[in-house]
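K.L.:
Below are the chains, spelled out letter by letter.
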Amino acid sequence: MKSFKEIYKSSENKIAGIAAAPGIVIGKAYLFSKEKLEINKAPITNADEAINNFQEALKQSKKELNKIFGFAREKMDEVRAAIFEAQLMILDDPILLEHIKQRIRNEMVQPEFIVSDEISKYQELMIISHESYMKERAHDIEDIKQRIIRNLQKKRWQSKIEKNLIVVSEALTPADTLLFSRREALAFVTDHGGLTSHAAIISRSLNLPAVVGTQKATQMIKDGEQIIVDGFHGYVIINPTEVQLEFFRAKQDKLIKLQKGLEELKDLPAKTLDGKIINIEANVDVSGEIDLVLTTGANGIGLYRTEQILNELGTFPDENEQTEIYSNLASRMYPKFLTIRAYDIGGDKFRINEYKEPNPFLGLRGIRFLLENENLFKAQIRAVLRASENKNLKFMIPMITTLEEIWRSIKLIQECKSELRKEKVKFDNQMKIGIMVEVPSAAVMAKEFSDEIDFVSIGTNDLIQYLMAVDRGNDLVSNLYQEFSPVVIRTIAHIVREAKKGKVPVSICGEMAADTLAIPLLVGLGLDSLSMSPATILNAKRIIRNFEFKKAKILANECLQCKTEIDIQKKVQKFFEDNNISRTRNII
Amino acid sequence: MIEKTVKIVNKAGLHTRPAATIVKLAAKYKSDFFIYRDGMNINGKSIIGVMTLAAEIGSELKLTFNGPDEQQACDEISAYFERGFDEL
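Going down the list, the protein sequences come from chains A and B. The first sequence lines up with residues 1 to 588 when you count with the working numbering. The second sequence lines up with residues 1001 to 1088 when you count with the working numbering.
Among the hints, a few may not be true.
With the Cβ distance kept under 8 Å, some of the chain A side facing chain B (calculated, not the full set) [claimed, not checked]:
# : residue
1 : G23
2 : D428
3 : Q430
Label-pair distances were calculated between CB atoms; the ranges are [claimed, not checked]:
# : chain 1 : residue 1 : chain 2 : residue 2 : range
4 : B       : M1040     : A       : M108      : 44 to 54 Å
5 : A       : W407      : B       : N1066     : 46 to 56 Å
6 : B       : Q1072     : A       : L403      : 50 to 60 Å
It should be emphasised that the hints constitute simulated quantities derived from the structure, not laboratory data. Remember, predicted model here, so these are calculated numbers, not experimental data. By construction, the Cβ of each residue, glycine as well, lies at the ideal position given by its N, Cα and C atoms.
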């Protein structure tokens, strides 16, 4: 059988984009465009009737939005669902509504024209702003405008959408994405947006394949055409040939079989053939992924990236909002553990000051940023503590470089604890505090650092970047980003050894844990906990259940003697062959 | 009429959530409430209007209140600005 690479190389009828949510879907395209509504500017004779129609349209729009709002709340959580609250408020905006009614009376033309004209004025004001979030805002308001106009025209949008289609659109608002998923959309393809666009985040949490940022999907794909969406590689194929159909159908069959075989592993432990149990946890970006986590039988969440909340909200949530988010997650995971990582962001992301850092990766990020912004950090610590009542929370600090940073962080945590005690708020006084080891200095000092805290988690993505002095986003040097470099393997071995001297548990939560090829080696190096994206967990279990810990240790020792990445890769690949374990990449 | 100049002090600026809160606060009062910035005078009781203000940290806005309860309105709303929209 051909490989994906060969298939794509020989395909003229493909569009490339960003793989935003995994899966393969073959289906009919539904070209979704909001520009279909034509605005009627005809004169009217009865203003009262027109205003009545306008009121009715508002009422209907409110009904629709309330429904989406409710659905969003149950699917996401209160704070994220609040994206819709402002939209609802616009439908009650006294100034806007009064102005529209006045203009209907004065100008005596169709209300849909006035609505469109009036709301567009505000959108133009937003678009001329230089801030990118204002353009997003104008886009959100487009949704409200179109909704009112459609209701004035008494069109029912939902009735036009058949079930089981692939939605192809320029961009998707959160409301669109949720509604489409309710109409059992199969997948999403968009022209714009990246991994953090609403469509991408929501499709991942709903487990629907998505390819975003294709630039030209809406121009290339016609409504009703058959297309293939490959959310693993980020391609869309238009009007597939028989050969292509056959290829992707076979892949789908394999995926289904693989999934079925894997599902049986859900309730089984990740235990090696000789009885060593590895703790498998999930990395989570958005709370919607919890459903997926629970279906894989993960032992807990090893990494919850709180900075994703900022990406979605576009702002810092306050202490109460955070408490709610964390409490919800903690209670859904209970009695399993939830490890919350403090915001891992750089100052450049949120325009803290005018100074643009020439080297943001070596700049004010992670704990450095948090200690510079103590109030922000303390609000997060307090929220985590307040959510810790059921004693299933852990708190983890990113980018630790010096001992002083650990001391200062612990001091702040203690301050928050005594504040909460005074306020008579319950929390888990024993809550475990850990650090990310992802900076070479922390790796070298692993023993001393781990003496101060309760657990260590290795963040391989940054650790490799800093060890190799390579920006993996830079194509000119990205070949130096070597997961299997002897430097990386020896450093991990050092961290594990040093931390274990102080009996501090060590886990790994970088993408390396999700590279199934690395799993036997990591287990052999002595890591007893791996945290990875939920989609990989069942596969990781399958691999671990197919080798002996004894043999993995031998493999690790051999790899620690190797001098080049290639040597290590060869040894690991041979380990898979010798033990008859098939690789995921080769299965699909 | 009362005039008051306020400064945006929270990091994220005047984003959607504080915009909504300001409008909700203003709705409790009878007095007119306007926000003046860059030559535009935005009615503070209109959410869509307030949403057009891209006010980042450090920027200054002029608030005006006019009506029977203008002092109370001014106190409550400018306090909310000064607290950095409760995000500090």
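K.L.:
The structure should be examined with respect to each hint, and the outcome stated for every one.
P.N.:
Verification of the supplied hints:
Restraint check, G23 (chain A) versus chain B: the minimum CB separation of about 32 Å is more than 8 Å; hint violated. Hint status for D428 (chain A) relative to chain B: violated, with the closest Cβ pair at about 26 Å, above 8 Å. Interface hint at Q430 (chain A): violated, since its Cβ lies 30 Å from the closest Cβ of chain B, which is beyond the 8 Å cut-off. For M1040 (chain B) paired with M108 (chain A), a C-beta distance near 29 Å fails the hint of 44 to 54 Å.
As the Cβ distance of W407 (chain A) to N1066 (chain B) is approximately 54 Å, the hint placing it in 46 to 56 Å holds. Checked against the given bound of 50 to 60 Å, the beta carbons of Q1072 (chain B) and L403 (chain A), roughly 52 Å apart, stay inside it.
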